[in-house]
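Novice: Take a look at the letters that make up each chain.
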Amino acid sequence: MFAIYRREVQSYFYTSAAYVFLGVFLTLGSIFFGVTNLASRSGNLLALIAELSYLWMLLSPILTMRLIAGERQRNTDQMLLTSPCSLTGMVMGKYLAACTVLLLAVVSSMMYACVVAVYGKLYIGETAVGYLGLVLHGCAFIALDLFVSCFAKSQMTAVVLGFGVNLLVWMADVLASAVMIEAISQALDFISLYRRFSPFVRGQLSLSSVMFYLLFITVMIFLSVRALDARRWSEA
Amino acid sequence: MISFDHVSKRYGTLNALQDITFSVPKGQVLGLLGQNGAGKTTAMNILTGCLAPTSGSVSIGGKDVLLRPREAKRMIGYLPEAAPVYDEMTVRAYLRFACELKEVKKSAISGHVEAVAERTGLADVLDRKIGNLSKGYRQRAGVAQALCGTPEVIVLDEPTAGLDPRQNSEMRNLILSLAGEHTILFSSHILSEVQAVCSRVLILHHGKIICDRTLHDMQGKEHRLRAVIDSCDEKLLPALRQLHSVLRVEMEANPNAALTQVVLTVDDSGLAERELFTLLSALQMPLLRLAPVEDSLEDVFLRATMDETV
Numbered sequence: 001m002f003a004i005y006r007r008e009v010q011s012y013f014y015t016s017a018a019y020v021f022l023g024v025f026l027t028l029g030s031i032f033f034g035v036t037n038l039a040s041r042s043g044n045l046l047a048l049i050a051e052l053s054y055l056w057m058l059l060s061p062i063l064t065m066r067l068i069a070g071e072r073q074r075n076t077d078q079m080l081l082t083s084p085c086s087l088t089g090m091v092m093g094k095y096l097a098a099c100t101v102l103l104l105a106v107v108s109s110m111m112y113a114c115v116v117a118v119y120g121k122l123y124i125g126e127t128a129v130g131y132l133g134l135v136l137h138g139c140a141f142i143a144l145d146l147f148v149s150c151f152a153k154s155q156m157t158a159v160v161l162g163f164g165v166n167l168l169v170w171m172a173d174v175l176a177s178a179v180m181i182e183a184i185s186q187a188l189d190f191i192s193l194y195r196r197f198s199p200f201v202r203g204q205l206s207l208s209s210v211m212f213y214l215l216f217i218t219v220m221i222f223l224s225v226r227a228l229d230a231r232r233w234s235e236a
Numbered sequence: 001m002i003s004f005d006h007v008s009k010r011y012g013t014l015n016a017l018q019d020i021t022f023s024v025p026k027g028q029v030l031g032l033l034g035q036n037g038a039g040k041t042t043a044m045n046i047l048t049g050c051l052a053p054t055s056g057s058v059s060i061g062g063k064d065v066l067l068r069p070r071e072a073k074r075m076i077g078y079l080p081e082a083a084p085v086y087d088e089m090t091v092r093a094y095l096r097f098a099c100e101l102k103e104v105k106k107s108a109i110s111g112h113v114e115a116v117a118e119r120t121g122l123a124d125v126l127d128r129k130i131g132n133l134s135k136g137y138r139q140r141a142g143v144a145q146a147l148c149g150t151p152e153v154i155v156l157d158e159p160t161a162g163l164d165p166r167q168n169s170e171m172r173n174l175i176l177s178l179a180g181e182h183t184i185l186f187s188s189h190i191l192s193e194v195q196a197v198c199s200r201v202l203i204l205h206h207g208k209i210i211c212d213r214t215l216h217d218m219q220g221k222e223h224r225l226r227a228v229i230d231s232c233d234e235k236l237l238p239a240l241r242q243l244h245s246v247l248r249v250e251m252e253a254n255p256n257a258a259l260t261q262v263v264l265t266v267d268d269s270g271l272a273e274r275e276l277f278t279l280l281s282a283l284q285m286p287l288l289r290l291a292p293v294e295d296s297l298e299d300v301f302l303r304a305t306m307d308e309t310v
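If you read the protein sequences in the order shown, they are chains R and Z.
Per the working numbering: the first sequence = residues 1 to 236.
Per the working numbering: the second sequence = residues 1 to 310.
Quick caveat, the hints were computed from the structure, so don't treat them as lab data.
If you anchor each label on the Cβ, the simulated ranges turn out as follows:
#, chain 1, residue 1, chain 2, residue 2, range
1, R, 151, Z, 190, 29 to 39 Å
2, Z, 131, R, 182, 54 to 64 Å
3, R, 208, Z, 21, 52 to 62 Å
4, R, 23, Z, 19, 52 to 62 Å
5, R, 218, Z, 57, 30 to 40 Å
6, R, 214, Z, 54, 30 to 40 Å
7, Z, 68, R, 6, 18 to 28 Å
8, Z, 57, R, 163, 38 to 48 Å
9, R, 107, Z, 18, 53 to 63 Å
10, Z, 57, R, 13, 40 to 50 Å
11, Z, 15, R, 183, 39 to 49 Å
12, Z, 27, R, 157, 40 to 50 Å
13, Z, 57, R, 185, 42 to 52 Å
14, R, 218, Z, 68, 22 to 32 Å
Heads up, the beta-carbon is just placed ideally off N, CA and C, and yes, glycines get one too.
Assemble the whole structure, with the sequences as input and the hints as a guide.
Specialist: Structural data, given as structure tokens:
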């Protein structure tokens, strides 16, 4: 697992994937910070964190497209599948590598907190809760898109599928209120990642939301392992 | 070392493998022959654990690939048809990664990488990016990763596909150098390649084994010679048929009507050439060309089915 984790992290930086991810995240993040905090002279970083959370929906597939679909496209999956490393170890190594790049983006975005701390008043507790939510939210999107990547044969398909699924997740709130059938409405409301994220941007540490994110990530990783294993039984 | 026990694999309605049973003893080089779609890659993917069989079982060194995958996979080095290389990595980093995957001890990795690179002719390009290497070197890198961890079984799926003649020859020599130390399963649809490196051949056709023999048995006690003789005298063919070592004479078309071209099926006494020269000399019919006839895959297929080994 650690060999795969290390290779994936290095590979993000050997190729343009990490630079594109970090570049777009920090560029858009800086624009949001300028508009939300600097222009309005506000020290409220939770509003900025709420805006940053939408970037995961757009950027997560950039990190995950290569993880499974990229290996399949390059035929390197056979090298991994014939090694003594378990499928769970392989998926975990890849997942943690993507999360590492995401964490790097979050840590880089803390420069906004530094600016607020220097020129205004920073509410450390609230901001820390907000950042925790941002990390959990991003890790959940990566787990979701990693699972989606298991069904794609090329990186491009993985990106398109990832965007599509992320959009559906984003719309779960809207759909929940629009659907007339109560059971479906409740199910959509339950799986809505954004509803689970909302306590964090109010500065509240919601244990139920933390548990939900951890459970969501675990289920997605489990499903990714099962999807890869199922391929052995059916693939032509 | 390798054992396939009544293995079948279905893809929907297609039977990719049908009740395959064979075993490979330690140190043997087995050539898996067959046309495209015969089931060679499927068999290899099942052996390496990439695919699961629909029925039957496969074991390596007594360890079932499905039930004890980790232990079985420790004994395998696999080169798929397309070398599984990462273009962005250097050869050294790639081989280090392969060693880590194969659970080679950390302290031994550097030395092991150097040794594998030396053996596969990659020592000069260890610090170059794989993406910048030629097809031949990429293929070598693929073989090198299969050798990492010194696996007992090496599975090579058409390792010479797409290589130029020189690279082809180098690859064959490399495989030959591995024979004996490792049990090798080698697939190809080119007979001459299999003849060059394998001691036993297994022919797959539509997912079934139609022939499983050593190369010597397969070639049998008969050899074929193609002769071009500067004569079209009608006495020639009866005279050729009278030779002791000649079992069969088949006429072939030749663009020059003044010449006779025949394929002689001869026994393994080693006297055929001498008898032929003596006869033609006595008849004063110059022999312009005499060469062994190389079996094509189709010939072997035909012979295998004619021998009722289906």
